[in-house]
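Chemist: Residue-level listing of the chains:
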Amino acid sequence: MTSADTSPASPVTAPDAATRLSDILWRRPRLLIALLIGPPLAWLGIVYLGALFALLAQSFFSIDEFSGQIRYELTLSTYAELFRAYNLDIILRTVAMAASVTVAAAIVAFPIAYYAARYATGRWKAIFYLGIMLPLWSSYLVKVYAWKLILAKEGILGWLFETLHLTWLLEAYLAIPGIGGNSLSVSWTGTFLVFLYVWLPFMILPVQAALERVPPSMLEASGDLGARPGQTLRHVLIPLALPGIIAGSIFTFSLTLGDYIVPQIVGTSARMIGQAVYQYQGTAGNIPLAAAFAVVPILIMAVYLWIAKRKGAFDAL
Amino acid sequence: MTAAVEFRRVERHYGEVRAVDGVDLSIAQGEFFAMLGPSGSGKTTCLRLIAGFERPTGGEVAIMGAPMGDVPPYRRPVNTVFQDYALFPHLNVRDNVAYGLMIAGQGRAPRRRAADEALEMVALPGYGARKPSELSGGQRQRVALARALVMQPKVLLLDEPLGALDLKLREAMQEELKALQRRLGITFVFVTHDQGEALSMADRVAVFNDGRIVQAGTPEDIYYRPEAPFVADFVGSSNLLPPEVTRRLGLGDGPAALRPEAVRLVSEGGHAARVTGLAFLGTATRLSLDLDGHRMTALIPRGADMPAEGSDVRIGWAPDDLHLMKVSA
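These protein sequence lines map, in sequence, to chains A and B.
Counting along the first sequence from 1, when you hit position 37 you're at 37 in this note's numbering, and nothing is skipped either side.
Counting along the second sequence from 1, when you hit position 240 you're at 240 in this note's numbering, and nothing is skipped either side.
If you are wondering where the hints come from, they were derived from the structure by calculation, not from laboratory data.
Wrong hints could be hidden among the right ones.
[As the list claims (entries may be wrong)] Below, simulated DSSO-like cross-link-like pairs (lysine-lysine); rule was C-alpha separation at most 27 Å, straight line:
(1) A:K309 / B:K131
(2) A:K125 / A:K143
(3) B:K168 / B:K131
(4) A:K311 / B:K131
(5) B:K168 / B:K178
(6) B:K178 / B:K154
[To be verified] Part of the chain A face toward chain B, derived, beta carbon under 7 Å:
(7) D16
(8) S217
(9) M218
(10) E220
(11) A221
(12) A227
(13) R228
[What the hints assert, rightly or not] Estimated spans, in silico, between C-beta atoms of each pair:
(14) A:D16 / B:G40: 49 to 59 Å
(15) A:A14 / B:D305: 39 to 49 Å
(16) A:P216 / B:A123: 43 to 53 Å
(17) B:K168 / A:P229: 52 to 62 Å
(18) B:M306 / A:T19: 32 to 42 Å
(19) A:R213 / B:Q106: 27 to 37 Å
(20) A:R213 / B:A123: 28 to 38 Å
The C-beta atom is built at its ideal place from N, Cα and C for all residues, glycine as well.
My request is simple: use the sequences and hints to build the entire structure.
Modeler: See the structure below:
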């Protein structure tokens, strides 16, 4: 070993271009994060929030009742209009619908999600995901029209009731004021059923994810301490699944609040918020009132989440 | 006196897998009983059969003389300390401990008092308002213990309760558990794969393998008088001499167990062996030996003259220390 003239080879190999780029990012991890989230953040900030603020601004203008022109002066008169009986009706009707759809979706989704989280394995789990996701692959319009056929007077449900000699039961139900009507497809119940169907996957998936994180030993511990299965459900399972239920309810509630297609195709002639927005900004040309209507679901959701947080719904997160 | 827990030919099969395969067992009241075995040996399944989380596919489990065939977990007079503690994350420590009392319909004030007393018993006074996530592993373990004990069970089941703790804490908890059991007089049934833990804590130990009990007896029985090679091998690092070796050395006819600490270096007599390795352990040195082609270990206490690696030595032992087994399983 007398080779003083040959310097020892560096143990680090010479980098090529791609490696050099990786090196730069490795030395500046913040740069990588900025590159990754910068574009979507710009999209959210400018396009989404910008549109939201434009909407908010519009709602503080008003419309001149004679000329039909928008008056660009800040006023609360458009909001005052929301409190007129026929507009307030629209809001209350929509909130009632969204609340019933959400509660029903939670009740229907829970057992399905529980089965999937606790019992389904391997192939059955795949079938579960496919079964939940498959309806989302087809157009939502197609599904709503399919439901119109199911619910129509001469439709599939009507036929089923007739075959079972239960037509009287269906008619008795349809005679109930408020939720009934000429046939299911033109009733409040019809709208409710279609909403329940189209938004159900959005409730099942987050509830299932929440239940998946509950270790089986937690339920065994509850039983071990003397709780019957019903008590375990109430005191352990539902509190632990609550963040999932709330997440799901955000979907079902806000999607119902804003939808204008389902109530137009299936249901009564009484309008919901989505339809009101659609009509005021279109045929009626009353952009300020449409904007004020559009702000309502945002406010309702904000209040809802605030209450959920205060009640500790996210404590188990 | 009726047995606290009794197994009569109990089986738990999952299709072809025989998790528990014909176990007979009787645990006396007030006994500290350990179920010891490697993972998959059926010991945890046996514990779950007592708690009622599993139902036997054959045979019968009885608690305090009453058959438990159709009794669900929530009506059994036993409580469990789970391996992962299974504390409810949405409840604070006090409500966790009082959970069973709340379910039993006790009022807020008495159950609060009982929970605080239980927390004091496990040396966690004043921790009631904290959330489980704010506690260390050892503290959670104590909360789980308090939550089970507050129910005053006839039998307390512990599923590897010390497994997740570090060594020092584990040793302290072993002593505490033992003292607690003596004080309360409750039957403890304890599942572990750690032979040291089983031997140091239990009044009686059952060694499990392949869904069966290989041997049940006092720690001394298990340690000094193993009835099967599996027990000798699993309980500590005993030297197991196969039948060929015992026959060749003229010691007997079956397999034999010899504790490493019973092996001594002798100047004459005994048996010739070669030192193949040395490991310094502090109070003793562990020698790896080649005895007539058979590997074995010896623990030589500090202070003795240590032979060098590769040297030839002679080893011996007191005749009583060599335990001959009948079965050759």
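Chemist: Honestly, do A:A14 and B:D305 meet the 39 to 49 Å range at C-beta?
Modeler: Check failed, 59 Å falls outside 39 to 49 Å.
Chemist: Would you mind confirming whether the straight-line C-alpha gap from B:K178 to B:K154 stays at or under 27 Å?
Modeler: With Cα atoms ~17 Å apart, B:K178 and B:K154 stay inside 27 Å; holds.
Chemist: Can you verify the interface hint for A:D16: is its Cβ closer than 7 Å to any Cβ in chain B?
Modeler: Check failed: Cβ of A:D16 comes no nearer than 47 Å to chain B, outside 7 Å.
Chemist: Could you see if the CB distance from B:M306 to A:T19 stays within 32 to 42 Å?
Modeler: Roughly 54 Å apart at Cβ, these two residues miss the hinted range, so it is violated.
Chemist: Run the distance test for B:K168 versus B:K178: straight-line Cα separation, threshold 27 Å.
Modeler: holds, 16 Å
Chemist: CA of B:K168 to CA of B:K131, is that 27 Å or under?
Modeler: Judged against 27 Å, a Cα distance of about 25 Å means the pair holds.
Chemist: Lying within 43 to 53 Å: is that true of the beta-carbon distance A:P216 to B:A123?
Modeler: For A:P216 and B:A123 the Cβ distance comes to about 29 Å; the hint is violated.
Chemist: Please verify that hint: A:R228, Cβ, nearest Cβ of chain B, below 7 Å or not.
Modeler: holds, 6 Å
Chemist: Have a go at the A:A227 hint: is there a Cβ in chain B nearer than 7 Å to its own Cβ?
Modeler: holds, 5 Å
Chemist: How does the Cβ-Cβ distance of A:R213 and B:A123 compare with 28 to 38 Å: does it lie in that range?
Modeler: Given about 31 Å between the Cβ atoms, the range holds.
Chemist: Is the hint on A:M218 kept, meaning its closest Cβ partner in chain B is under 7 Å away?
Modeler: holds, 5 Å
Chemist: Check the hint pairing A:K311 with B:K131 against an upper bound of 27 Å on the C-alpha distance.
Modeler: holds, 17 Å
The earlier numbered hints that this structure contradicts are 7, 15, 16, 17, 18.
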